[in-house]
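**Q** Protein chains in written order, with this note's numbering: chain E, 1 to 267; chain S, 1 to 267; chain W, 1 to 267; chain L, 1 to 267.
Keep in mind that the hints were calculated from the coordinates and are not lab data.
Computed from a predicted structure; not experimentally measured.
Any given hint could turn out to be false.
Intra- or inter-copy, both count: the list cannot distinguish identical chains.
[Claimed, not checked] Computed cross-link-like contacts, DSS-like style, restricted to lysine-lysine with a CA-CA straight-line distance of at most 30 Å:
id, residue 1, residue 2
1, K227, K143
2, K116, K49
3, K227, K210
4, K251, K50
5, K116, K267
6, K6, K116
7, K234, K143
8, K143, K266
9, K234, K219
10, K219, K251
11, K251, K267
12, K116, K50
13, K266, K116
There are 4 protein chains.
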Amino acid sequence: MLTPFKADGNIDYEATGVLIEHLRKIGISGLFPLGSTGLFPFLRTEERKKFLEYVIEHSHGLPVLAGVGSSSTDQSVELALHAKQVGATALVIMPPYYITPGQPEIISHFSSIIQKAHMNTFIYNIPQLAGARIEPQTIETLKNTFPDIVGMKESSADMRYFSSIMRFSSNDFSIIQGQDDLLVPSLSIGADGGVCGLTNFSGDVVEAYKAFESGDYSKAREIQINKIVPLLEKTNVSRFPSGYYRAFYEKFNLRGGYRSPMTEPKK
Amino acid sequence: MLTPFKADGNIDYEATGVLIEHLRKIGISGLFPLGSTGLFPFLRTEERKKFLEYVIEHSHGLPVLAGVGSSSTDQSVELALHAKQVGATALVIMPPYYITPGQPEIISHFSSIIQKAHMNTFIYNIPQLAGARIEPQTIETLKNTFPDIVGMKESSADMRYFSSIMRFSSNDFSIIQGQDDLLVPSLSIGADGGVCGLTNFSGDVVEAYKAFESGDYSKAREIQINKIVPLLEKTNVSRFPSGYYRAFYEKFNLRGGYRSPMTEPKK
Amino acid sequence: MLTPFKADGNIDYEATGVLIEHLRKIGISGLFPLGSTGLFPFLRTEERKKFLEYVIEHSHGLPVLAGVGSSSTDQSVELALHAKQVGATALVIMPPYYITPGQPEIISHFSSIIQKAHMNTFIYNIPQLAGARIEPQTIETLKNTFPDIVGMKESSADMRYFSSIMRFSSNDFSIIQGQDDLLVPSLSIGADGGVCGLTNFSGDVVEAYKAFESGDYSKAREIQINKIVPLLEKTNVSRFPSGYYRAFYEKFNLRGGYRSPMTEPKK
Amino acid sequence: MLTPFKADGNIDYEATGVLIEHLRKIGISGLFPLGSTGLFPFLRTEERKKFLEYVIEHSHGLPVLAGVGSSSTDQSVELALHAKQVGATALVIMPPYYITPGQPEIISHFSSIIQKAHMNTFIYNIPQLAGARIEPQTIETLKNTFPDIVGMKESSADMRYFSSIMRFSSNDFSIIQGQDDLLVPSLSIGADGGVCGLTNFSGDVVEAYKAFESGDYSKAREIQINKIVPLLEKTNVSRFPSGYYRAFYEKFNLRGGYRSPMTEPKK
Chain E
1 MLTPFKADGN IDYEATGVLI EHLRKIGISG LFPLGSTGLF PFLRTEERKK
51 FLEYVIEHSH GLPVLAGVGS SSTDQSVELA LHAKQVGATA LVIMPPYYIT
101 PGQPEIISHF SSIIQKAHMN TFIYNIPQLA GARIEPQTIE TLKNTFPDIV
151 GMKESSADMR YFSSIMRFSS NDFSIIQGQD DLLVPSLSIG ADGGVCGLTN
201 FSGDVVEAYK AFESGDYSKA REIQINKIVP LLEKTNVSRF PSGYYRAFYE
251 KFNLRGGYRS PMTEPKK
Chain S
1 MLTPFKADGN IDYEATGVLI EHLRKIGISG LFPLGSTGLF PFLRTEERKK
51 FLEYVIEHSH GLPVLAGVGS SSTDQSVELA LHAKQVGATA LVIMPPYYIT
101 PGQPEIISHF SSIIQKAHMN TFIYNIPQLA GARIEPQTIE TLKNTFPDIV
151 GMKESSADMR YFSSIMRFSS NDFSIIQGQD DLLVPSLSIG ADGGVCGLTN
201 FSGDVVEAYK AFESGDYSKA REIQINKIVP LLEKTNVSRF PSGYYRAFYE
251 KFNLRGGYRS PMTEPKK
Chain W
1 MLTPFKADGN IDYEATGVLI EHLRKIGISG LFPLGSTGLF PFLRTEERKK
51 FLEYVIEHSH GLPVLAGVGS SSTDQSVELA LHAKQVGATA LVIMPPYYIT
101 PGQPEIISHF SSIIQKAHMN TFIYNIPQLA GARIEPQTIE TLKNTFPDIV
151 GMKESSADMR YFSSIMRFSS NDFSIIQGQD DLLVPSLSIG ADGGVCGLTN
201 FSGDVVEAYK AFESGDYSKA REIQINKIVP LLEKTNVSRF PSGYYRAFYE
251 KFNLRGGYRS PMTEPKK
Chain L
1 MLTPFKADGN IDYEATGVLI EHLRKIGISG LFPLGSTGLF PFLRTEERKK
51 FLEYVIEHSH GLPVLAGVGS SSTDQSVELA LHAKQVGATA LVIMPPYYIT
101 PGQPEIISHF SSIIQKAHMN TFIYNIPQLA GARIEPQTIE TLKNTFPDIV
151 GMKESSADMR YFSSIMRFSS NDFSIIQGQD DLLVPSLSIG ADGGVCGLTN
201 FSGDVVEAYK AFESGDYSKA REIQINKIVP LLEKTNVSRF PSGYYRAFYE
251 KFNLRGGYRS PMTEPKK
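Can you build the whole structure from these sequences, using the hints too?
**A** And the structure:
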């Protein structure tokens with residue numbers, strides 16, 4: 001989920017309702033607010049809490065995975081405890097970015113949060129933004145140490161890495177592709193689903209997923225290659241994630257805004 | 001195909017016969033000598049010609065795709081004319097490496113060779129070694145200019161790129177995955193096959209391909225994740241491509257050698 | 001300046017006093033708290049404010065450059081207004097990290113902060129952590145738009161870039177090297193000084209600077225190559241910046257701590 | 001030295017004479033034919049030999065450092081033996097490119113050549129083209145094993161690396177900067193000189209060097225920042241090294257050519 005903004009840069013809760021309604025209509029199976037597309041690092045702690053509360057209140061029973069990423073372990077702990085308190089289904093934790101953490105720092109960060117929050121948790125791998133990759137060995141260590149860890153959002157765009165971690169896939173550990181244009185290739189080797197930004201304004205990803213799950217591989221492939229790939233390329237012509245915001249605002253005739261330092265994409 | 005060496009570093013033609021026989025037995029549909037695994041840059045021009053002739057003579061009717069890569073356009077032209085003369089099925093041309101060419105240099109190189117050799121040609125994309133990626137626009141330009149271009153070996157290991165070029169796939173343009181561990185994901189979005197180094201000593205890749213083609217996706221996935229991925233990781237613990245050589249020598253009880261500057265992998 | 005921690009992970013103000021005293025003794029000409037070595041992203045907003053206040057109160061008249069970096073423009077504005085209010089000499093602003101900003105996002109971020117704080121500002125270039133390089137054209141734009149911008153801390157470790165921006169150096173725009181092991185080469189082409197992490201526990205950098213300024217180039221070179229380079233390599237064997245913390249704690253016999261997610265370096 | 005070409009792409013020996021005459025006039029202290037700017041990978045073995053012979057014959061007593069780089073150890077050996085036979089002053093050897101060699105492959109390659117040629121040798125570090133960096137430990141190993149190794153051309157553009165290897169500098173081991181825009185910073189920490197491509201058509205680099213050596217640091221700095229850096233940036237707007245060729249042809253009113261796959265730079 002992106003975080004809808006008003007023209008003045010404040011969060012637009014009305015538009016957030018529109019977004020949730022749209023996501024329910026196209027048939028997604030859960031909500032992930034406050035991820036990278038949601039621009040969590042641009043938000044203040046209080047905004048993040050309030051936004052999460054709003055999403056949970058308007059989720060109509062859909063699971064809500066709460067992004068609690070931070071470069072500060074302390075802040076992630078605070079956000080995790082809040083997410084638990086307000087009823088999030090699970091946490092989504094990423095490495096403590098900025099300082100390009102090593103694997104021990106990643107383990108320390110995850111451990112501190114999970115030990116305090118004790119709730120279902122997804123590992124979020126996104127090295128191009130977090131400054132570090134979560135190595136397979138680290139995933140194994142975390143997974144074996146904390147039964148709270150129930151899965152992983154894998155957004156590296158590196159299918160070689162994705163393939164190498166598929167060996168961890170099980171009933172107790174879901175692996176979910178975070179890149180829209182890699183959805184079908186990932187499903188073909190057993191991925192459990194996708195957390196895909198294009199859903200913010202398009203139903204293509206859900207259609208591809210459903211086609212694949214129903215065994216209609218040729219339809220899934222056709223949507224993947226002819227719809228998702230070009231749509232993603234078009235959306236990402238603008239600096240990530242501003243293209244998602246423009247497409248969402250345009251689809252729903254919203255004036256919309258771009259929270260600084262995000263800038264409005266050129267037409 | 002790797003290029004088998006004797007302990008003294010010279011090409012081992014007897015072992016080459018063993019390799020071709022093995023490849024035929026496991027059911028590959030064509031031979032690609034003198035690619036990166038074949039260590040073509042370590043060979044002298046005359047060696048490359050003689051090795052190609054040997055492979056063609058012992059191909060038992062299998063198509064032979066001749067690698068004619070070079071940093072020198074002149075040398076690639078010479079090798080292409082020779083390949084044509086001795087009956088290769090098609091050329092495999094890569095960008096002129098070392099100098100990290102731009103797209104105009106890539107187009108110039110391909111054009112010079114194809115205009116002189118006039119024969120079926122595969123584009124070989126391997127940016128991690130060639131020092132440059134062949135951009136989708138360049139592929140389109142080359143493909144539209146030269147009907148001789150019949151396909152592409154894509155070895156970037158970047159599935160995002162692979163997805164974006166799948167729009168060029170047609171009856172007249174085959175797209176082939178060059179990375180073993182990305183075979184099934186690539187087939188799932190319409191790739192025409194694989195050019196896979198593990199075939200030098202293992203039948204797993206061919207089995208996965210056949211399973212996929214026969215519609216047994218779960219078997220294909222199972223081989224991909226549980227056999228190919230770990231075997232590739234194990235093979236590449238040694239500096240590429242020395243692990244392929246050791247595995248081949250061991251499988252066929254050959255003494256075998258490592259042409260300098262390749263060094264024997266540590267046990 | 002690093003941010004000294006107690007064994008429980010809280011800021012150690014007594015040790016901070018020790019650090020400032022040490023820095024004054026070795027002869028530094030200004031203090032830069034809350035930079036990358038200071039681990040600002042691990043601190044909460046209130047901690048950052050309190051630490052800055054402490055440093056200013058104990059600066060004994062030394063200029064204090066306040067790091068106000070954040071991925072959130074809003075937070076940087078808040079920190080800048082606070083820094084102004086409590087008497088910081090200048091701001092040090094970096095690009096809004098995490099989202100790998102483009103140049104327009106960088107300009108937007110800097111502009112928002114400077115327009116609100118109206119005080120002397122240093123640009124902080126550290127692409128390896130900020131996720132983006134501040135292009136020379138962007139520096140020129142910012143410098144020409146805001147007379148408040150009085151200089152730059154350049155920590156890219158890329159001397160080619162450093163050389164290319166030296167054309168901006170003037171009486172109104174200081175360029176300062178942020179990498180200890182590039183100090184003397186930078187001074188040789190006109191850099192105005194260094195902001196160097198080794199000063200936290202060593203006087204070598206200041207000695208090299210003074211030797212250079214007094215015209216004793218051979219002494220400067222000697223310290224650079226034989227003392228600074230090996231000391232920096234030794235310090236950075238541990239994950240940055242934990243080696244600086246250990247060396248500081250050891251030098252002053254402090255128990256010291258490692259704020260999570262930083263982990264204690266192995267011996 | 002670049003390798004002058006005629007409009008038809010063949011080596012232009014008359015222009016080569018013009019180039020050598022120019023280099024002598026501006027006061028260089030040695031010639032380095034068949035390096036990267038010389039586009040050695042675009043030349044056939046026989047061309048390389050003939051070009052080297054021409055340069056030696058017309059060197060008027062200047063030392064000639066012969067580039068014998070190749071991805072094939074065998075070819076490098078052949079070129080080294082030839083260089084020795086025709087009276088080159090020293091060899092310049094680079095890692096065996098294309099295959100992204102590891103340190104053992106680099107050591108194997110250098111050892112094979114030096115053991116056969118037994119003559120003065122410079123190590124040539126240029127990771128951005130060779131696909132691998134020569135690690136400091138490897139330099140130490142090679143240097144200690146082979147007294148024939150008398151120095152190093154360091155073209156990585158990484159001053160951190162350059163600083164770290166300056167500890168090897170001695171009367172028996174010269175370290176030479178291969179990047180024009182890093183000349184003065186390198187001299188400031190003890191580099192023995194530069195191997196600089198701009199000398200092909202400009203005297204600025206030699207002037208900067210002489211100013212530095214005579215103790216006129218402010219003149220050296222002035223030339224470095226105001227002449228060399230902008231001239232290098234202008235030259236490298238075109239794909240390396242075509243801008244050097246155009247500038248050389250224009251300076252001496254030569255028609256000149258661009259050996260394929262190099263393409264003529266756009267005006």
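**Q** May I ask which of the numbered hints given earlier this structure violates, with the numbers listed in increasing order?
**A** none
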